[in-house]
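Peer 1: Here is how the chains run, residue by residue.
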Amino acid sequence: MDASHFLVSLLNGLSVGLLLFLLASGLTLIFSLMGVLNFAHASFYMLGAYVGATVAAGAGFWVALVVAPLVVGLAGAAFERWVLRRVHAQGHVAELLVTFGLAYVVVEAVQLVWGRQPLAFEPPPAVAGPLFTLVQAPAGLTLAWGAAPEACRGEAALVCTQFPALRAFAMVLALVLLAVLALALRATRLGLVIRAALTHPQMAQALGHDVPRVFMLVFGAGTALAALAGVVGGAMRVTEPSMAQAVGPVVFALIVIGGLGSLAGAFVASLLLGVLDSFAVASDRSLADLAAALHWTPAPETAALALWSVKLSQVAAILPYLLLVLVLVLRPRGLFGTREG
Amino acid sequence: MTGHRIRAALVWGAYALALAGAPWLFDSSLALTLLSQIGIAIVACLAFNLLLGQGGMLSFGHAVYSGLGAYAAIHTLRWMAAGTLALPVSLVPLVGGLGGLAGAATLGWLTTRTAGTPFAMITLGLGELVAALALMFPTVFGGEGGLSADRVIGEPVWGISFGPAWQVYALIAVYCFVCTAAMYGFTRTPLGRMLNAVRDNPLRAEFVGYSARRVRYRAFLVSGFFMGVAGGLAALHFEIVSAEVLGSLRSGAYLLFTVLGGSGYFAGPMIGAVLMVLSGVLLSALTRAWLLYLGLAFIAVVMIAPGGLAGALAGLMRAAAAGGLRRLWAGLATLVLLAVAALAGLAAMVEMLYQRQLDAASGPALNFAGLSLNAESADAWVGAALLLATAAALFALARRRFAPQWAQELAR
Chain A
1 MDASHFLVSL LNGLSVGLLL FLLASGLTLI FSLMGVLNFA HASFYMLGAY VGATVAAGAG
61 FWVALVVAPL VVGLAGAAFE RWVLRRVHAQ GHVAELLVTF GLAYVVVEAV QLVWGRQPLA
121 FEPPPAVAGP LFTLVQAPAG LTLAWGAAPE ACRGEAALVC TQFPALRAFA MVLALVLLAV
181 LALALRATRL GLVIRAALTH PQMAQALGHD VPRVFMLVFG AGTALAALAG VVGGAMRVTE
241 PSMAQAVGPV VFALIVIGGL GSLAGAFVAS LLLGVLDSFA VASDRSLADL AAALHWTPAP
301 ETAALALWSV KLSQVAAILP YLLLVLVLVL RPRGLFGTRE G
Chain B
1 MTGHRIRAAL VWGAYALALA GAPWLFDSSL ALTLLSQIGI AIVACLAFNL LLGQGGMLSF
61 GHAVYSGLGA YAAIHTLRWM AAGTLALPVS LVPLVGGLGG LAGAATLGWL TTRTAGTPFA
121 MITLGLGELV AALALMFPTV FGGEGGLSAD RVIGEPVWGI SFGPAWQVYA LIAVYCFVCT
181 AAMYGFTRTP LGRMLNAVRD NPLRAEFVGY SARRVRYRAF LVSGFFMGVA GGLAALHFEI
241 VSAEVLGSLR SGAYLLFTVL GGSGYFAGPM IGAVLMVLSG VLLSALTRAW LLYLGLAFIA
301 VVMIAPGGLA GALAGLMRAA AAGGLRRLWA GLATLVLLAV AALAGLAAMV EMLYQRQLDA
361 ASGPALNFAG LSLNAESADA WVGAALLLAT AAALFALARR RFAPQWAQEL AR
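Chains as they are written, first to last, in the UniProt record's numbering: chain A, 1 to 341; chain B, 1 to 412.
So that you can see chain B by itself, here it is in the shape it has in the complex:
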């Protein structure tokens, strides 16, 4: 085995180990449901990034395909419960994949006629169309309330009934691993390579004899299938599907977190998926302004670190491998400290504003990171503003000195 084969085996082995070992490390029931959601989100974000990262196609309506997959799965479960259909429960996510594939085959035929900005706008329009249609036919889509089903059907096979949450997590983990491997494999196929070529220079790809549109369409089908699998897994996990899984908020979340994680790296969307679940559950419980912070973080990442978190990590690892971390760590630590200080100032002001505007009934006092602040007192406002202003100014200065150093280390 050559060196990079060993490395690949190590990486995939570590991934499998992480998926298998995570429930032992975090064994509360909240952790288990978070882990299940993370597995589902990893499949969805990777499928989304097949288009964005590999194909340069920015879709604003990709929740449609995971949503259709989820509906296909929930209807299948209901038919299975009614006895009109016999199928092992473990194959239901595949039915979801077929649902996503069917949606991608019809709508993708329209969207992939275009590329670039028009593609983005058309996917947005079609996403709105499907989401609105779903609300119009409550008999099929269950309306706002949604459709529910029971995943425990018939006799347990080998003692597996999919009743306990850990059994569902195991299924999700297996699907997550297989789908990740399959999508990674896809990027190595001729079609995957052509997709890169079409992304980088469609004219040249056409000249070599490939129809750019056909390549895009096929990639869209593959992406739609895996989105559908994610939807099917979600249907199994939650046992309920409502029309909001098709909506633009969900589509926006896939985009946001895939880019935050880093769309240029294969593992980027996986980092994004973890963030997506953690911020959706934990951050939203911590602060009511979480969408604001998310939007700001997103803008900051696009501006400062276009490679996303994966890009920043890869840069750090390269610098570490070259032994540059010894020269860099002081600058990095300064930057991180200043950024945290500036963020603390900003967050304090935002939280005080929220207290005044949306929660005025409970008085001006609030608890912020262990400090008790008074949203009505001038001191708190001036203090927070001063902290923000000085830290931000120092950050800008430090970054100006750090950036050339960083570029130099990366170029080594």
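Okay, chain A solo, but in the shape it has when bound:
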């Protein structure tokens, strides 16, 4: 892998990681504040993408970026108010079960409204093309803004690698949100009330704060974050009925790896998974290659050889879960977790 590919793979991985973090942050926020594991979180992500695509078709991508999270956040708050709050007294398992049922309902409802086919969701021209192109010449690495320079087409000695503008935008958006979130939780009065409602709900209630309303707000905000990730992710990847199923388990694995309830852990684990995935997908190495590099040839038994010759790109999809197992064996509380599960 040459330097330009390496850099762009790294950036791609970071952008996927930051998108995952947008999702994980909403989930972690809800979990750490309310103790509720929102099983339908990825469904809100999907809903965000679909609502976003519809709004974008009428009013443009930038409007969708604001409207879709608002709409989905309201739906999330309504769900908390009318459904989740009623089972709160039955404990966390009942709350989890209700969100589990919601996941079914949302996926089916989305197909009901938008159909079973993938939706066309194109990013706007401003972020559609490549942001820059890395040109690897024998003389060294140069950077050209915008689309690929003329030289790339003619000369075989040049290796040109592009980085899409939408991914750069997703990175900036996620970082800005992270900063806003951290600031809002730490420095504002609302953040103070939220943190108080988390640790001492009765005391906060006794001091005159409406704790149930705080929970509704938090749940709405968490689902809005998921929807925001959905709008960006839907434009970046595909908008289709199975998109929730594709990302949901990964986000769960991710927040266990990072340590349940830890925003910093979720951040590190998101970036780690994003980068790991990006490099694994681009690699066609296998265990057999590793063995060959160590001057050792495995015995040619069929079953074992099947395991040996699986390419890294083929296992990319299970890397999050392998990492999950590894973390569980070495450190059950997760990378940044503070307590045992």
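Be aware that a few hints might be false.
Covered stretches of chain A, going by a simulated chain B footprint (3 or more residues, C-beta under 8 angstroms) [unchecked claim]:
#, stretch
1, 77-90
2, 104-111
3, 245-258
4, 322-329
Among chain B residues calculated to face chain A with C-beta under 10 angstroms, some are [what the hints assert, rightly or not]:
#, residue
5, Thr-111
6, Phe-298
7, Leu-353
FYI, nobody ran anything at the bench for these hints, they're computed from the structure. Note that this is a predicted model, so its numbers are computed, not measured. The C-beta atom is built at its ideal place from N, Cα and C for all residues, glycine as well.
Please build the complex by placing chain B on the supplied structure of chain A, with the hints as guidance.
Peer 2: Below, chain B alone, put in the same frame as chain A:
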């Protein structure tokens, strides 16, 4: 014999009679395959509920153990057919149980290090891992197409070849009865009781000197074994196993129907298992929106009747025993009627939406419960919406009046 011994003998006798008599009552070949699937599902849902109901452990990846059991059984059948292994076919489900046990012994060691919500998430992750791995090694797992085998091997023993479907059903029924009894017995063992203690208060259980983790792990092994038996029975019944038996959809179905049936009651998962097979085969043939209805029904049960159907039935029986049904039946009938009316309104709208979105090519007309509706006409939409709104509002009102009455009857 004391009173409750007689009652227990009656209940188990009735259960055995139901298993044995069902094929005579419903004797079509579709009914026989449904009954076989129900028997398999009963074993699986009970095994799943050993963790959820008895141990408070919510697993999102439990299809893995029944799936591994199914693969162990299908490979055994293939070896038996190839002559490398000699084993009576009737013992193949036990091999499946060992497969499930082996899977539970390795993966359970990881998952039972945690409890509560982290346990749920980790089982989900491991389930995804195994399902993805299975697709990665098609030589072992057969990939999407799956592995098939023939259950008729060698000479018939006592005239039983397991060729005809009823012979397989008989085997499934015997296994189902024995497994049910064994799992019920398990809840009465010291380990089963400790599992309840660990569910209710792990700290106190630890203080008395039991390792909560070890209790959970052992329960996980027991559950994994019975899941494997269910998988082995399924392999015998279908004679084919594909990678989807390990997947999250299957795991979700076990969870969904166990809770619908009632995870707090021993018989709850059995009711759930019957629903699971009937809705998977009959409801899905009736409407394309069946998963939507299922999800809504699930949410409604968790919200309104946390004890599931078994809980609602138990409540009714208690009320009946106290003679309260005379006072309750009017209110109950009103509630049921209103619920059915509201559901009819909702279902009509859902079906019309489906007609427009997914089946537009065949025109706007559809047949709904004997009525012919037009998905394009405003009348149908307004009518359905009005029905839904009024019935739902009346239901909420009636329920508000009924709930205290119901609680009063139960408290008698």
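Peer 1: Next step is simple, just say for each hint if it's right about the structure.
Peer 2: Quick rundown of the hints versus the structure:
1. Counting residues of the stretch 77-90 of chain A whose beta carbon lies closer than 8 angstroms to any beta carbon of chain B gives 4, which reaches the threshold of three, so the coverage claim holds.
2. Restraint check on the stretch 104-111 of chain A versus chain B: 6 residues with Cβ-Cβ distances below 8 angstroms, three needed, restraint holds.
3. Against chain B, the stretch 245-258 of chain A contributes 6 residues with a C-beta closer than 8 angstroms to a partner C-beta. That satisfies the three-residue criterion, and the hint holds.
4. For the stretch 322-329 of chain A, the proposed coverage by chain B is satisfied: 5 residues have a C-beta within less than 8 angstroms of a C-beta in that chain, meeting the threshold of three.
5. Contact between B/Thr-111 and chain A, as hinted, is supported at the beta carbon level, the nearest pair being about 8 angstroms apart and thus within 10 angstroms.
6. At a threshold of 10 angstroms, the smallest CB-CB gap from B/Phe-298 to chain A is about 4 angstroms, leaving the interface hint in force.
7. A least Cβ separation of about 5 angstroms between B/Leu-353 and chain A falls short of the 10 angstroms threshold, and the interface hint therefore holds.
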